[in-house]
Amino acid sequence: MSTHDDGLRELYQEVIFDHNRSPRNFHKLDGANHVAEGHNPLCGDQLTVYVRTEDGKVADVSFVGHGCAISTASASLMTEAVKGRPVEEVEALFRDFHALLTGKPADERDFGKLEVLTGVREFPSRVKCATLAWHTLHNALSDESRPASTE
Amino acid sequence: MNAPAIAPLDPALARAAADFPILARPVRKRRLVYLDNAATTQKPAAVIEAEATFYRESNANIHRGVHWLSQRATELYDAARERVQHFMHAARPEEIVFTRGTTEAINLVAQAWVRPRLGPGDEILVTCMEHHSNIVPWQLVCEQTGATLKVVPVDERGQLELEALDALLGPRTRLFAFTHVSNALGTVNPVAELVRRAHAVGALALVDGAQAVAHQAVDVQALGCDFYAFSGHKLYGPTGIGALYGRFELLDAMGPWQGGGDMIRTVRFEGSTWADVPQRFEAGTPNIAGAVGLAAAIDYIESVGLEAIAVHEHALLAHATEALGAVSGVRLIGTAAHKAGILSFLVEGIHPHDLGTILDVEGVAIRAGHHCAMPLMNRFGIPGTARASFALYNDEADIAALVAAVRKAQQLFRGEGR
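Chains A and B supply the protein sequences, listed in that same order. Residue numbers for the first sequence follow our numbering, so the first one is 1 and each next one is one higher. Residue numbers for the second sequence follow our numbering, so the first one is 1001 and each next one is one higher.
There may be inaccurate statements among the hints.
Label-pair ranges, simulated between beta-carbon atoms [stated by the list, open to error]: (1) A:D18 x B:E1307: 32 to 42 Å; (2) B:P1120 x A:P105: 51 to 61 Å; (3) A:K113 x B:G1349: 14 to 24 Å; (4) B:H1089 x A:F26: 18 to 28 Å; (5) A:D143 x B:P1120: 34 to 44 Å; (6) A:E88 x B:G1119: 50 to 60 Å; (7) A:R52 x B:G1349: 25 to 35 Å; (8) A:F26 x B:Q1258: 45 to 55 Å; (9) B:S1328 x A:R21: 17 to 27 Å; (10) A:S149 x B:D1262: 33 to 43 Å; (11) A:H27 x B:P1375: 52 to 62 Å; (12) B:T1148 x A:P124: 35 to 45 Å.
Covered, in the sense of this in silico footprint (three residues per stretch, anywhere, with C-beta under 8 Å from a C-beta of chain B), are these stretches of chain A [stated by the list, open to error]: (13) 11-19; (14) 42-49.
For the record, the hints were derived by calculation from the structure and aren't laboratory data. Glycine included, C-beta positions come from ideal geometry on N, C-alpha and C.
Make a model of the complete structure from these sequences and hints.
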């Protein structure tokens, strides 16, 4: 493909397709002690995030729902990124990740696989797709009863 | 496979794209292929100039100044109303109320006609294919009055189930509100027939004409409807201006819905009296330049000819339906026998939102999502669709670009070309 497609290739990296085709931790979580729903009213994306915390850590996390490739892959990558981490660290990661996608990266941080989502910076309307799962996770951890919304 | 060529364009339409300055600008370094006309149409230079000229040469407030400019602005505003009246074939200019658009026009009827008249036991009928703007105002007024909202179902092809209509229309139905053309599927409804059935049970009929007026001639008297709402911006006119047509006897019997300047006859603390229609429904300084721009848009559309536009857009729709339908994995949503230039579709394995982004990179602007018609999407069991919608300036090359971009999205999602 030509250089013209660079933005598109950046947005739709192989990792995104992989996680969209076979999302990880894509199931209802038995024994979850935090649950939240997320909704993007713009495109109708809907997901539920389940979390089981133990000793201040995200012991297990999963999601179900439907959405575009970006939102599904982001949710899948998120579950991998946060599993086993202390809740405080997860919240800090959410803040930094959000800043990364909106072009205001804080300190140097290795985002690991989450870096593949930085392609949305060229497509502002898609930032919400990449952050919906994170907003929902944040709500689950804060036991927010209202559905998370990107609006 | 190659789609068959469409008939040669009407010469007036072949030149039309040149009338729209924005179509000459590249988007993402590509030729702009604008296929989101059901969301809003682009504006011809004549409309842009008419608004600018109003501000340069005639701007003042209306109906209040004794000075020359105010009289000039008032004349232009009143002339715009008459222009809309003739366009809609209304009997008199007082039957045209300027609004911000279709949404405000429908809310006006909900609040000024329905709210004081309906109560528990009364029913408002809508259809499953309505835009949210022809659902939510009725839900609000049902909450306020205790009236009930009922819904005409839609079949697999996206057509109203007319045999269900007789059971839904009854002596308790006070108003039947339905769209002329579905914004999500392109279905054209049999308006005159639906109006006749509503009137047969003593109900009024309101038509949401947002998707119709730019694509076919509308004659409100021939349709027989009681109210007809539309937006200027879907008619090559400015945003923030639209109109409600209402039969004079109905408007005249309605009280105001918004209070303010220009809608009163006298104001006293003991009580105020209302201006005649249509001023009664136009509180505050209206969108004067918008009305002037709308009149210019109507002049433009009539100079091209609604007949020629309808023929052209139907040819585009037939061509696009065939070309896109021939792409494997593409499923068309909405295959009514009678359709306007709107093509809703799904591509297997690609979410509409992803498709919208990939097409955008190719310079092809479409809409992806629920099209403000969530109940209709639920009816089809889908979260949304991709939607290409046509206007007078689209041509065969635009459809070729659409089809090529869809194929490219499929290649990308299949992992080819990377």
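Outcome of the hint check:
1. A:D18 x B:E1307: 32 to 42 Å: violated, 53 Å
2. B:P1120 x A:P105: 51 to 61 Å: holds, 58 Å
3. A:K113 x B:G1349: 14 to 24 Å: For G1349 of chain B against K113 of chain A, whose Cβ atoms are near 23 Å apart, the range 14 to 24 Å holds.
4. B:H1089 x A:F26: 18 to 28 Å: Roughly 57 Å apart at Cβ, these two residues miss the hinted range, so it is violated.
5. A:D143 x B:P1120: 34 to 44 Å: At 40 Å between Cβs, range holds.
6. A:E88 x B:G1119: 50 to 60 Å: Distance hint for E88 of chain A, G1119 of chain B holds at roughly 56 Å.
7. A:R52 x B:G1349: 25 to 35 Å: Once the Cβ atoms are compared, 32 Å apart, the range 25 to 35 Å for G1349 of chain B and R52 of chain A holds.
8. A:F26 x B:Q1258: 45 to 55 Å: holds, 50 Å
9. B:S1328 x A:R21: 17 to 27 Å: Given about 19 Å between the Cβ atoms, the range holds.
10. A:S149 x B:D1262: 33 to 43 Å: holds, 38 Å
11. A:H27 x B:P1375: 52 to 62 Å: violated, 29 Å
12. B:T1148 x A:P124: 35 to 45 Å: holds, 42 Å
13. 11-19: The restraint on the region 11-19 of chain A holds, since 4 of its residues have a Cβ under 8 Å from chain B and three suffice.
14. 42-49: holds (count 5)
Taken one by one, the earlier hints fail for this structure at numbers 1, 4, 11, listed in ascending order.
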